[in-house]
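Colleague: Listed here are the chains, written in short residue letters.
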Amino acid sequence: MEKKTLLQVVGLTTYFFSFARTRIVKAVDNVSFEVNAGDRLALIGESGCGKSTVAASLLRVLPPSGETVSGKILFEGEDLLQKSNKEMTQIRGRKIAMILQDPMMSLDPVFTIGEQIGETLKQHTSLRGDSLIQRIKELLLAVQIPEPERRIKQWPHEMSGGMRQRIVGSIAISCEPKLLICDEATTNLDVTIQLQYLNLLKDLQRNTGVTLVFITHNLGIVAELCEYVIVMYAGKIVERAPVVDVFDSPAHPYTKALLDAAFGLQVLRKRRPIPGEPPNLANLPPGCSFNPRCVYADDRCRKEEPPEVTLAAARSAQCWYPIKA
Amino acid sequence: MEKKEFDYLLQIRDLKMHFPVKAGIILDHVIGWVKALDGVDLTIKHRQVVGLVGESGSGKTTLAKVLLLLEKPTNGEVLFKGKDIHSLDVSELKAYRRTIQAVFQDPFASLSPRLRVKEIITEPLEVSSTLSKEELENKVGEAMHMVGLDTGLRRVYPHELSGGQRQRVAIARAISTESKIIILDEPTSALDVSVRLQIIHLLMDLQKTLELSYLLIGHDLAMVAYMSTDIAVMYLGKIVEFGETKELLKNTTHPYTQALIAASLPDHPRDKRERTVLSGEIASPLNVPPGCRFHPRCPGKKSICREQEPSLVPVGDNHWVACHLDGQKAASSSI
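Residue numbers (my numbering), protein chains in the order written: chain A, 1 to 325; chain B, 1 to 335.
Simulated from the structure, these hints should not be mistaken for laboratory data. Ideal Cβ placement from N, Cα and C applies to all residues, glycine included. No false leads were slipped in.
Cβ pair distances, simulated, as ranges: (1) B:D14 x A:L62: 49 to 59 Å; (2) A:P109 x B:G300: 34 to 44 Å; (3) B:G32 x A:P63: 38 to 48 Å; (4) B:D14 x A:D248: 44 to 54 Å; (5) B:Q308 x A:L127: 45 to 55 Å; (6) A:Q123 x B:D106: 32 to 42 Å; (7) B:E178 x A:A314: 55 to 65 Å; (8) A:E67 x B:G32: 44 to 54 Å.
From just these sequences and the hints, can you work out the full model?
Modeller: Written out as structure tokens, the structure is:
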């Protein structure tokens with residue numbers, strides 16, 4: 001079955017500028033990727049790699065110091081970067097939704113759960129009164145929160161972290177978005193609650209067909225949930241591949257280093273740390289941004305930025321010496 | 001005090017920390033108790049790395065605070081050299097504070113932004129010792145060298161350092177007093193993924209070189225298992241399972257520990273499997289369930305579980321479990 005392209009990002013470049021533009025932080029540098037309807041994509045990398053900035057650029061919610069300087073974001077064929085603010089408000093929450101890391105920041109402490117879920121529904125639908133409340137109850141049940149009538153009148157502080165994150169999830173899916181971006185959505189949750197939540201997301205996708213983009217640094221979530229992986233480092237995509245290929249035979253030294261340093265219960269073997277520190281985006285080294293920490297780096301890596309090399313169908317890496325399978 | 005050899009560094013006995021919840025404006029009365037710690041027994045021996053694993057409300061952070069004398073328990077005792085740490089005299093207290101140090105989760109919040117690296121490292125020493133300025137300078141150099149920090153950074157402020165470097169400063173500070181026990185409270189959770197393992201290996205190397213004991217608090221069982229010699233699993237203020245790491249992972253007995261292992265994420269996509277997710281939410285320490293505190297979520301509960309609280313009993317060599325079902329392992333989850 002031919003998969004429909006839902007999102008096509010072409011050459012996205014977002015910079016953050018300091019006062020008087022004296023310093024430029026190249027948060028996202030010429031990033032291009034595609035997401036098909038029904039996919040489960042992982043965007044991985046550590047803090048500062050640009051993954052959250054990609055999401056913010058997509059939804060056009062960058063802070064004042066940020067600016068998307070070039071590129072195209074084609075969502076259902078239309079370039080989001082060309083849309084007016086008014087048009088974007090019709091897309092945020094309705095066509096594209098996002099769940100963030102900390103539910104206490106996403107939920108307003110002075111409004112009840114019912115008011116907060118209702119807010120999005122009132123913005124994008126014509127539901128009011130009883131039909132609105134009915135829809136809110138349905139949504140709470142959809143995210144596995146029992147006794148919805150009682151919950152509607154409760155406040156965020158009366159609920160546990162896991163429940164709050166489910167409320168955030170219910171707001172996100174309330175208007176049946178086509179694309180759901182989860183930015184470190186389970187990082188603050190307890191382990192046993194995290195698994196419940198990941199299963200919930202899988203169920204949501206099964207029931208509504210929503211496309212999932214998971215932004216995370218946790219390889220376990222990638223292994224558990226995702227089908228395709230894009231690895232970012234210092235604002236660029238350094239590798240992209242189907243999930244099994246990434247774990248079996250990572251092509252980029254950074255991906256391999258991440259896997260070597262990751263913890264897992266299955267095998268308690270000695271792990272290898274990645275040397276050095278994450279890069280300073282305002283002052284990147286010449287050549288390949290990963291070179292100071294790369295065990296395979298040579299002079300070429302230190303002088304010239306490598307191109308993206310296609311390794312197989314749906315596989316590529318930005319490296320002079322991609323690791324062979 | 002006579003010199004007596006103890007086979008433990010710290011012995012925690014029936015430790016309880018119940019925080020009162022008060023109501024009323026004029027006649028303020030107690031309406032409930034948050035039972036953060038509800039009877040904990042634990043021993044920390046020389047060169048032992050005890051991993052303390054638990055989710056929210058387990059009490060692990062409260063336990064650390066009690067050991068650091070930041071909270072006074074409502075019951076029980078913590079014995080250091082035979083005496084309860086809350087009844088030490090001034091000089092014994094100084095000795096205790098030198099012996100036990102801590103490294104916290106947030107390397108930004110735990111370092112004073114107004115002090116330079118060298119001042120941060122020597123701060124605990126200035127309180128408790130009589131070293132000269134030169135000796136202190138040497139100590140700083142030594143400590144920085146041990147944690148892999150360039151000694152040229154001694155006059156730098158924390159905000160000028162990266163997260164990993166700041167955590168190294170926190171570790172240097174913790175070893176500067178020649179401490180014997182270090183409480184590590186989620187030491188790598190706030191660090192970048194690529195830097196975590198560096199810090200973990202540093203901690204493991206220091207433990208061997210300086211013959212330290214650690215109380216490692218974490219929520220990531222895999223990371224705790226990697227570093228610890230023994231693991232204590234806590235749930236709602238009590239230890240429900242304790243054992244030597246390999247033994248605990250191989251013969252996991254308590255249903256909660258099994259659930260934690262089952263909930264852990266796979267190492268590889270092909271290891272994904274359908275597994276029963278633990279139902280329900282973690283109960284609140286304000287409202288601890290009667291009998292076994294885990295029973296509402298336990299897949300294998302019997303009627304005795306609702307009525308009687310199980311105590312820790314040995315189920316193997318250095319392996320203890322508090323469960324009425326002990327011995328009957330649930331079918332699939334142990335690895």
